[in-house]
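If you read the protein sequences in the order shown, they are chains S and U. Just so it is clear: in the first sequence, position 271 is 280 by my numbering, and no numbers are missing. Just so it is clear: in the second sequence, position 114 is 118 by my numbering, and no numbers are missing.
Check before you lean on any hint, since a few could be wrong.
Unchecked claim - Pairwise CB distance ranges, derived in the manner of DEER restraints:
id, chain 1, residue 1, chain 2, residue 2, range
1, S, Gly19, U, Ser301, 41 to 51 Å
2, S, Leu34, U, Ala136, 16 to 26 Å
3, U, Ser301, S, Gly220, 55 to 65 Å
4, U, Asp82, S, Leu205, 24 to 34 Å
5, U, Lys265, S, Thr92, 23 to 33 Å
6, U, Ser36, S, Pro123, 20 to 30 Å
7, S, Pro68, U, Asp266, 39 to 49 Å
8, U, Ala136, S, Ile303, 26 to 36 Å
9, S, Ile135, U, Ala80, 52 to 62 Å
10, U, Trp77, S, Ile303, 46 to 56 Å
11, S, Leu222, U, Val29, 30 to 40 Å
12, U, Ala204, S, Ser275, 33 to 43 Å
Derived by calculation from the structure, the hints in this document are not laboratory data. All C-beta atoms in this analysis are idealised placements derived from N, C-alpha and C, irrespective of residue type, glycine included.
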Amino acid sequence: MYVFVLKRIGLAFLVALFVSLITFLMLRAAGDPAIAMAGEGASEADIEFIRVQFGFDRPLITQYLDWLSSALLGDFGTSTYFTTPVSELIAERLPVTLKLGLASLIFAIVLATPLGILAAVYPNSIIDRAALALSVLGQALPNFWFALMLIVVFSVMWPILPPSGNSSWINFIMPTMVLGYYATPSIMRLTRSGMLEVLRSDYIRTARAKGLLPVQIMFKHALRNAILPVVSLSTVQFGYMLGGSIIIESIFALHGIGQLAWESISRADLPTVQAIVLIISLIYVGLNLAGDLINAWLDPRIRVS
Amino acid sequence: MSEKITSFVNDLPEPQLLSPRQAMVLRARNHSGFLLGCIGLISIILLALAAPIIAPFDPSKQDLLSRLQPPAWYEAGDMGHIFGTDQLGRDYLSRLLYGAQLSLIIGFLAMILSGIIGTTLGVIAGYFGGWADLIITFIITTRLSMPVVLIALSIAAIFGSSLQIVILILGLLLWDGFAVVARSATIQLRDAEYLVAARALGMPLWRIILFELLPNLRDSLIVVATLEMAHAILLEAALSFLGLGVQPPLPSWGLMIAEGKDYLFFEPWLIMIPGVALFLLVMSINLLGDGLRDITSPDGR
């Protein structure tokens, strides 16, 4: 077990390092940051000044190591647009996004797992078909369009929910529905297929044969095994939600890290963009690691192989 | 007694022996999702191809006197502009038709690019194993740990976005599905007898991979290709919606939704129409992909 955990942590560390290098190089190689920051109509001297001021004239590898070492200490530089330290901006905005992500995950799980279980218990029934239809629809629904349609319905036709802002929990209802619905199909499908597989297994037949109550069989014997892959999928989905919140937050004007990313991208605020990409990637890596470790803890077979 | 049995057996219909291909066609004909997806996608492709003929107006021709005309089914609408006009008086139906071209081209080219990258990586990792597999698996893991939307947006913002750059970004980001599937399928086939035979015959490596291995990956790769194409189309729309994808005046559906967003409160059909179009296209492709998976994999049903 310890070897497994150490191996996974080591791999996660390497991936995180590589991700940070790639995102750094991509954002730098994509264009001259000094020109982007100087804006349109800047003179050659202005650009040169910015280049020296921010150290863009040094070799890339020096810049990377310099950026990484201060990032590890929590110093992401100063935002060129907000002119405050990036770390403060992120600390201020991250809780909103985490709240949104968590609420969406709960929404998705609460919606998806019962549907998946019912679909597996009554295969090819109306419930199964409805659940399948729901997941096909969900995967094809552009999330930004779904968000706008919710605004049309709940803020324009029946004005019961506010279209934007983040003053109270009511503002989170629509963003949560959009982000959560996006994760529902995959969680539901996995619950269904896991449950179908388990229900066919020998030990469930044994449990039925010895006369256990169906409820007991479902929850105590079947679900515990069927839900295993769902746990790690949920952690990964949580990461996707944090990444996907950029669109949702900018539509609903929620002041989370997604909206911050959107603002800093459109203003070529390189230090902030870099910091956000790094942090979201690190959260992804961390969640993947957590998912694997949870799986190994729940399922001893994984540890051994 | 035995006579009875013989006559009974003789009366049974001749057992039909289907070739795998016939069986596949039969499964396809009975798969309603697959058929629905086919019909949907083919009609959208035909409409997109026919856009220059059937579009009633030039999609970029502005007519400021007839701005924001509602569609024909509204009281104020008329048949001249069936889907109404946008905020610059451009005919919405014409923009929608040309937008279909754009979505399909972007989705298709991005899918081809990511397919080439992902399949190459996956086949190399699966066929050679060892260090190659270790390194490529690491690259795949890294790619999966990067937030796609965020990175696509950042690069588009820095590069400046155009049609070519959007295709390039999507193609370079969405290859993970191909790589994962190609890798695991190759590992399964690596020691198949016909590959061992090909090696024993001294066939050059590129021939083995191109003519022996790849044809057997085709089915699973086509499934990934459809799903990734849908993914690319959705992502393009999202990028264009945020203003960092296809640039105006090109009639991208995402861009049309973004432009209609300002009129959300009074003219909701402006976002409804391109949104429904986008939804129908993506759903058709997804249904087709899911159907193909059911049809081509004998144990997947």
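Quick rundown of the hints versus the structure:
1. Separated by about 36 Å at the C-beta atoms, glycine 19 of chain S and serine 301 of chain U break the suggested range of 41 to 51 Å.
2. At roughly 23 Å, the beta-carbon separation of leucine 34 of chain S and alanine 136 of chain U lies within the given 16 to 26 Å, and the hint holds.
3. The hinted window of 55 to 65 Å between serine 301 of chain U and glycine 220 of chain S is violated, with their beta carbons roughly 38 Å apart.
4. Against the hinted window of 24 to 34 Å, the Cβ-Cβ separation of aspartate 82 of chain U and leucine 205 of chain S comes to about 54 Å, which falls outside the hint.
5. Taken as a hint, the range 23 to 33 Å holds for the pair lysine 265 of chain U and threonine 92 of chain S, whose Cβ atoms sit roughly 30 Å apart.
6. One distance hint, 20 to 30 Å for the beta-carbon pair serine 36 of chain U and proline 123 of chain S, holds here, with the actual separation near 26 Å.
7. Checked against the hint of 39 to 49 Å, the C-beta distance between proline 68 of chain S and aspartate 266 of chain U comes to roughly 46 Å, which is consistent with it.
8. For alanine 136 of chain U paired with isoleucine 303 of chain S, a C-beta distance near 30 Å keeps the hint of 26 to 36 Å intact.
9. The supplied range of 52 to 62 Å is broken by isoleucine 135 of chain S and alanine 80 of chain U, whose beta-carbon atoms lie about 41 Å from each other.
10. Tryptophan 77 of chain U and isoleucine 303 of chain S have their C-beta atoms about 52 Å apart, which keeps the hinted 46 to 56 Å range intact.
11. Taking 30 to 40 Å as the suggested C-beta distance range, the pair leucine 222 of chain S and valine 29 of chain U does not conform, at roughly 46 Å.
12. Here the CB-CB span from alanine 204 of chain U to serine 275 of chain S is close to 60 Å, at odds with the stated 33 to 43 Å.
In this structure, the earlier hints numbered 1, 3, 4, 9, 11 and 12 are contradicted, and the remaining ones agree with it.
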